[in-house]
Amino acid sequence: GQQLNQSPQSMFIQEGEDVSMNCTSSSIFNTWLWYKQDPGEGPVLLIALYKAGELTSNGRLTAQFGITRKDSFLNISASIPSDVGIYFCAGQVQGAQKLVFGQGTRLTINP
Amino acid sequence: GAVVSQHPSWVICKSGTSVKIECRSLDFQATTMFWYRQFPKQSLMLMATSNEGSKATYEQGVEKDKFLINHASLTLSTLTVTSAHPEDSSFYICSALNSAGGNEQFFGPGTRLTVL
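If you read the protein sequences in the order shown, they are chains X and R.
When we follow the numbering used here, the leftmost residue of the first sequence carries the number 868, and every step to the right adds one.
When we follow the numbering used here, the leftmost residue of the second sequence carries the number 76, and every step to the right adds one.
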């Protein structure tokens with residue numbers, strides 16, 4: 868089946884540092900999504916990407932949809948304590964409503 | 076807008092009992108809802124697609140007779156874990172698509188199931 872390879876699995880950074888994580892796939896996706904999940908809660912959508920090459924920002928977050936449609940990255944600039952959590956990428960193929968999730972990146976911030 | 080609730084938020088049950096989890100779209104109608112399972116420190120795995128008024132579509136490897144899904148109204152889908160066993164302990168999350176349009180899935184807060 869389709870799989871998304873997300874890296875890194877975990878990150879330990881200092882407050883104020885920038886963060887970068889990415890997802891790759893052997894399959895083409897028509898939509899890439901990035902979610903954040905806090906402990907014991909459901910995922911919350913951060914950024915949605917719909918076109919190859921698209922670069923979209925949401926505050927300190929920036930994400931890009933790879934030209935090949937097989938990858939995406941998420942950057943967080945100037946990290947703050949509330950950025951702590953698990954970040955998931957998710958892909959959606961054309962015509963399908965189902966989402967395929969990456970393995971997640973656990974972000975820990977040292978104050 | 077686009078709020079999805081789940082009830083209960085957590086449940087502890089004895090092995091062999093059945094547990095029902097509700098997923099409700101509070102301010103929109105949802106013809107389609109999804110049920111996911113998430114084990115500790117792992118990703119969300121889609122279990123099934125719940126369709127209002129018709130049978131659910133289960134992902135490969137998910138037992139439909141064990142995980143009963145009922146989507147009887149446009150705002151409610153239920154997942155019943157029948158004869159639960161400790162290995163069914165997990166975080167169950169639902170999501171809903173707005174029938175009015177769009178492809179964004181709105182996620183519920185999840186239900187923590189612990190089977191003793």
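Worth flagging that the hints you see were computed from the coordinates, not collected in a lab.
Be careful, since some hints might not be right.
Simulated restraints on C-beta separations [to be verified]:
id, chain 1, residue 1, chain 2, residue 2, range
1, R, 141, X, 935, 38 to 48 Å
2, X, 961, R, 89, 21 to 31 Å
3, X, 907, R, 141, 20 to 30 Å
4, R, 175, X, 962, 44 to 54 Å
5, R, 93, X, 944, 22 to 32 Å
6, R, 179, X, 944, 21 to 31 Å
7, X, 919, R, 162, 39 to 49 Å
8, R, 155, X, 927, 18 to 28 Å
Virtual Cβ for every residue (Gly too), placed ideally from N, Cα, C.
Now for the hints, and whether the structure bears them out:
no.: 1; hint: R/141 to X/935: 38 to 48 Å; in the structure: holds (39 Å)
no.: 2; hint: X/961 to R/89: 21 to 31 Å; in the structure: violated (45 Å)
no.: 3; hint: X/907 to R/141: 20 to 30 Å; in the structure: holds (25 Å)
no.: 4; hint: R/175 to X/962: 44 to 54 Å; in the structure: violated (19 Å)
no.: 5; hint: R/93 to X/944: 22 to 32 Å; in the structure: violated (48 Å)
no.: 6; hint: R/179 to X/944: 21 to 31 Å; in the structure: holds (25 Å)
no.: 7; hint: X/919 to R/162: 39 to 49 Å; in the structure: holds (41 Å)
no.: 8; hint: R/155 to X/927: 18 to 28 Å; in the structure: violated (42 Å)
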